[in-house]
Amino acid sequence: MAKDVEGFREYTAGRLEKWRRTAYLLSGDWFLADDMVSTALTGLYRHWDRVSRMENPDAYVRTSMLRAMLNERRRPWRRERVLDVLPERASTEPGADGVADRLAVVALLAELPARRRAVLVLRYFCDLSVEQTAAELGCSTGTVKSQTSRALEALRARLQGAELVAEEA
Amino acid sequence: MNDLPEQLRAATDDAPPSRIDLDSFIAREQRRTRLLRWSGASAGAAVLVAALLAVPALYAGGTGLTSGLGGAACPTPSPNPTEVPSDGATLPAAPSAQECAATVARLSAALRDVLAVTAPDRATGPFAGIAFVYQPRYAQYEADVHLSGPGGRGLLHVVVSELTEDPPSAVQVCPEGSVGRGCSYEVHATGAVVFVTDYADTRQVEAHRADGTRVMVAVGVPGVAGETRPPGAVPPLTMAQLVDIAEAPGLSLFPGRSPSARPTRDAAVEDLVGLFTLLLRQKFPDQEFASSPVQGSAETGYRTSVTVADEGSVSVEVTPACSGPTCPAPPPCPGPGDTSCTVRGDGSRVTVRDDATTRTVRVYTAATGTVTLRVTGPLVSRLTVDHLVTLAARLRP
Numbered sequence: 001m002a003k004d005v006e007g008f009r010e011y012t013a014g015r016l017e018k019w020r021r022t023a024y025l026l027s028g029d030w031f032l033a034d035d036m037v038s039t040a041l042t043g044l045y046r047h048w049d050r051v052s053r054m055e056n057p058d059a060y061v062r063t064s065m066l067r068a069m070l071n072e073r074r075r076p077w078r079r080e081r082v083l084d085v086l087p088e089r090a091s092t093e094p095g096a097d098g099v100a101d102r103l104a105v106v107a108l109l110a111e112l113p114a115r116r117r118a119v120l121v122l123r124y125f126c127d128l129s130v131e132q133t134a135a136e137l138g139c140s141t142g143t144v145k146s147q148t149s150r151a152l153e154a155l156r157a158r159l160q161g162a163e164l165v166a167e168e169a
Numbered sequence: 170m171n172d173l174p175e176q177l178r179a180a181t182d183d184a185p186p187s188r189i190d191l192d193s194f195i196a197r198e199q200r201r202t203r204l205l206r207w208s209g210a211s212a213g214a215a216v217l218v219a220a221l222l223a224v225p226a227l228y229a230g231g232t233g234l235t236s237g238l239g240g241a242a243c244p245t246p247s248p249n250p251t252e253v254p255s256d257g258a259t260l261p262a263a264p265s266a267q268e269c270a271a272t273v274a275r276l277s278a279a280l281r282d283v284l285a286v287t288a289p290d291r292a293t294g295p296f297a298g299i300a301f302v303y304q305p306r307y308a309q310y311e312a313d314v315h316l317s318g319p320g321g322r323g324l325l326h327v328v329v330s331e332l333t334e335d336p337p338s339a340v341q342v343c344p345e346g347s348v349g350r351g352c353s354y355e356v357h358a359t360g361a362v363v364f365v366t367d368y369a370d371t372r373q374v375e376a377h378r379a380d381g382t383r384v385m386v387a388v389g390v391p392g393v394a395g396e397t398r399p400p401g402a403v404p405p406l407t408m409a410q411l412v413d414i415a416e417a418p419g420l421s422l423f424p425g426r427s428p429s430a431r432p433t434r435d436a437a438v439e440d441l442v443g444l445f446t447l448l449l450r451q452k453f454p455d456q457e458f459a460s461s462p463v464q465g466s467a468e469t470g471y472r473t474s475v476t477v478a479d480e481g482s483v484s485v486e487v488t489p490a491c492s493g494p495t496c497p498a499p500p501p502c503p504g505p506g507d508t509s510c511t512v513r514g515d516g517s518r519v520t521v522r523d524d525a526t527t528r529t530v531r532v533y534t535a536a537t538g539t540v541t542l543r544v545t546g547p548l549v550s551r552l553t554v555d556h557l558v559t560l561a562a563r564l565r566p
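Protein chains in written order, with my numbering: chain A, 1 to 169; chain B, 170 to 566.
Since the hints were derived computationally from the structure, they do not count as laboratory data.
Model, not experiment: these values are computed from the prediction.
All C-beta atoms in this analysis are idealised placements derived from N, C-alpha and C, irrespective of residue type, glycine included.
Watch out, some of these pointers could steer you wrong.
Negatives, chain A to chain B, calculated, CB over 10 Å [what the hints assert, rightly or not]: (1) Thr12; (2) Thr42; (3) Asp49; (4) Arg50; (5) Val51; (6) Asn56; (7) Pro57; (8) Gln132; (9) Gly142; (10) Lys145; (11) Ser146; (12) Ser149.
Listed next, with one range per pair, are the computed distances between beta-carbon atoms [to be verified]: (13) Lys145(A) with Thr527(B): 25 to 35 Å; (14) Asp127(A) with Gln267(B): 42 to 52 Å; (15) Gly401(B) with Asp4(A): 28 to 38 Å; (16) Thr407(B) with Arg156(A): 45 to 55 Å; (17) Asp4(A) with Gly351(B): 23 to 33 Å; (18) Gly142(A) with Pro174(B): 14 to 24 Å.
To give an idea of the chain B side of the interface with chain A (calculated C-beta under 7 Å), a few residues [said to hold, decoys possible]: (19) Arg188; (20) Ile189; (21) Glu198; (22) Val363.
Starting from the given sequences, assemble the full structure and let the hints guide the process.
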């Protein structure tokens, strides 16, 4: 049976930008985001016949990107680098033009452990429910709730007491 | 603007143009599918077709798309400044197009050879379709191979690159408690350092060879997406097969090169810095660290320090025990300026010196030596004397 290439093209074209943005929030780097989306696209294309019949092919793409991100953290000996001084970090001071705000939120996300970052992105950027987030991360709803709570707590602490509005339940 | 969903949306407002061209991607995937189909029909013809298709691809320019996209095997580096690695790592110089093409051909043949011997029945497609591509962003050659095994299908990912740093120490790769439970670290007779990690959804082997080549081989476990591997979930390759691939002589960037004269590795130094960092990591799992190079020697002792972002720093000094008539007398208990000194049941002395911004804990044992930990900055309020004594006990030589 011939692959439904036009169906793939139509489905993907309308979602590519959203996937890139999700990947950017997960990785903090537009180049890596493109790599993550490329990897996910390859899997999606090769399994399109099966995935297109799924209720939510988006979940397949997000799971591919999450795996790519979570696998990166599994090299503790690569994360620890011997440096004499800590590298400069992005400022978290708000700016008049909003650019600093945008950089700040990405910098704050990058400081979170990978799974907590993923939970925040899935819930507050992809608008997934606790149950959907748990399904995509392969963990329990209780884990999602506790990770969300800790991630928000960490963000609030880094924002030094500023209000951070986010529905936790 | 403190609404998190709104902040996340705003953070992605200035997205740069995508490097992904959907039309090109689909065209490449269609070419690849046709190639595999033809290969299946006639292995001999497929080799010819693969060669014909590969030659122009090897020399084509590109924008650095991933191997998963089936892009050019040797894309030319893009002038895009975002290609600089975000962690500041130093990358080896990119090979010329000719060097890259030759290396891709050689590595691809070597991978096909080793798979044909160690896992002849695992590849889902013909071996002729197996090929490396060069990733300029990471200065490494990568290949993906779809495999099938008793537990289902899984992707084999192989990375070959030039070593730019010494291999990690055993304690860095296999933190305490993980040895024997999915983690192993060995130095082979060839001089290669080989470490193996078995995660729930991935099985991974990394070989740091004496000739300066790093080979990383990982295979996915079918049907596993979470942090635990259910009973019955089996990867398509065993650890032994992965090690065979990681140590395949042909998968080298420097065939024929003599093993480099590496400086003698000081296991004590590696263990000290690795253990010190890991113990602090357990205490501060979310913080960014920077460590100073270790100074000293086995005779005089070692010292290093770690700076924890926004929190201060912790330095450690490990002094070996001294025996003989010329050894200095044990330190007084308490010494001048010390807040307290406790002699414990095992004969060791724990001395504490405390002020508003600095805390120093020294554990002296006649038989093993002295460990001194000094904390400065806000960390003083987070690392209690008990924490530091426990840390010192673990670092005792």
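Structure-based check of each hint:
Listed as outside the interface, Thr12(A) is inconsistent with that label: its C-beta sits roughly 6 Å from the nearest C-beta of chain B, within the 10 Å cut-off. For Thr42(A), the non-interface assignment is contradicted: its Cβ lies about 4 Å from the closest Cβ of chain B, within the 10 Å cut-off. With a closest Cβ-Cβ approach of about 12 Å to chain B, Asp49(A) is found to remain outside the 10 Å limit, as its non-interface label requires. Consistency note on Arg50(A): stated as away from chain B, and its beta-carbon is indeed over 10 Å from all of that chain's, at 12 Å minimum.
At the 10 Å boundary, the C-beta of Val51(A) stays outside the reach of chain B, the nearest C-beta of that chain being 14 Å off. With a minimum CB-CB distance of about 15 Å to chain B, Asn56(A) clears the 10 Å threshold, and the non-interface call stands. The Cβ of Pro57(A) sits about 15 Å from the closest Cβ of chain B, beyond the 10 Å cut-off, so the non-interface label holds. Every CB of chain B lies more than 10 Å from the CB of Gln132(A), the least distance being 14 Å, so the non-interface label holds.
Every beta carbon of chain B lies more than 10 Å from that of Gly142(A), the smallest distance being close to 14 Å; the non-interface claim holds. With a least beta-carbon separation of about 16 Å from chain B, Lys145(A) lies farther than 10 Å from that chain, consistent with its non-interface assignment. With a least beta-carbon separation of about 14 Å from chain B, Ser146(A) lies farther than 10 Å from that chain, consistent with its non-interface assignment. Remark: the non-interface label on Ser149(A) is consistent with the geometry, its nearest Cβ contact in chain B lying 13 Å away (cut-off 10 Å).
The supplied range of 25 to 35 Å is broken by Lys145(A) and Thr527(B), whose beta-carbon atoms lie about 40 Å from each other. For the hinted restraint 42 to 52 Å between Asp127(A) and Gln267(B), the CB-CB distance of approximately 50 Å keeps it satisfied. In this structure the supplied range 28 to 38 Å holds for Gly401(B) paired with Asp4(A), their Cβ-Cβ distance being about 33 Å. In this structure the supplied range 45 to 55 Å holds for Thr407(B) paired with Arg156(A), their Cβ-Cβ distance being about 47 Å.
Restraint check, Asp4(A) to Gly351(B): a C-beta distance of roughly 41 Å breaks the suggested window 23 to 33 Å. Roughly 23 Å separates the CB atoms of Gly142(A) and Pro174(B), a value that falls within the hinted 14 to 24 Å. Restraint check, Arg188(B) versus chain A: the minimum CB separation of about 5 Å is within 7 Å; hint holds. Among the interface hints, the one on Ile189(B) holds; its C-beta lies about 6 Å from the nearest C-beta in chain A, closer than the 7 Å criterion.
With a least beta-carbon distance of about 5 Å to chain A, the hint placing Glu198(B) at the interface is held under the 7 Å criterion. Restraint check, Val363(B) versus chain A: the minimum CB separation of about 14 Å is more than 7 Å; hint violated.
When each numbered hint is compared with the structure, violations occur for hints 1, 2, 13, 17, 22.
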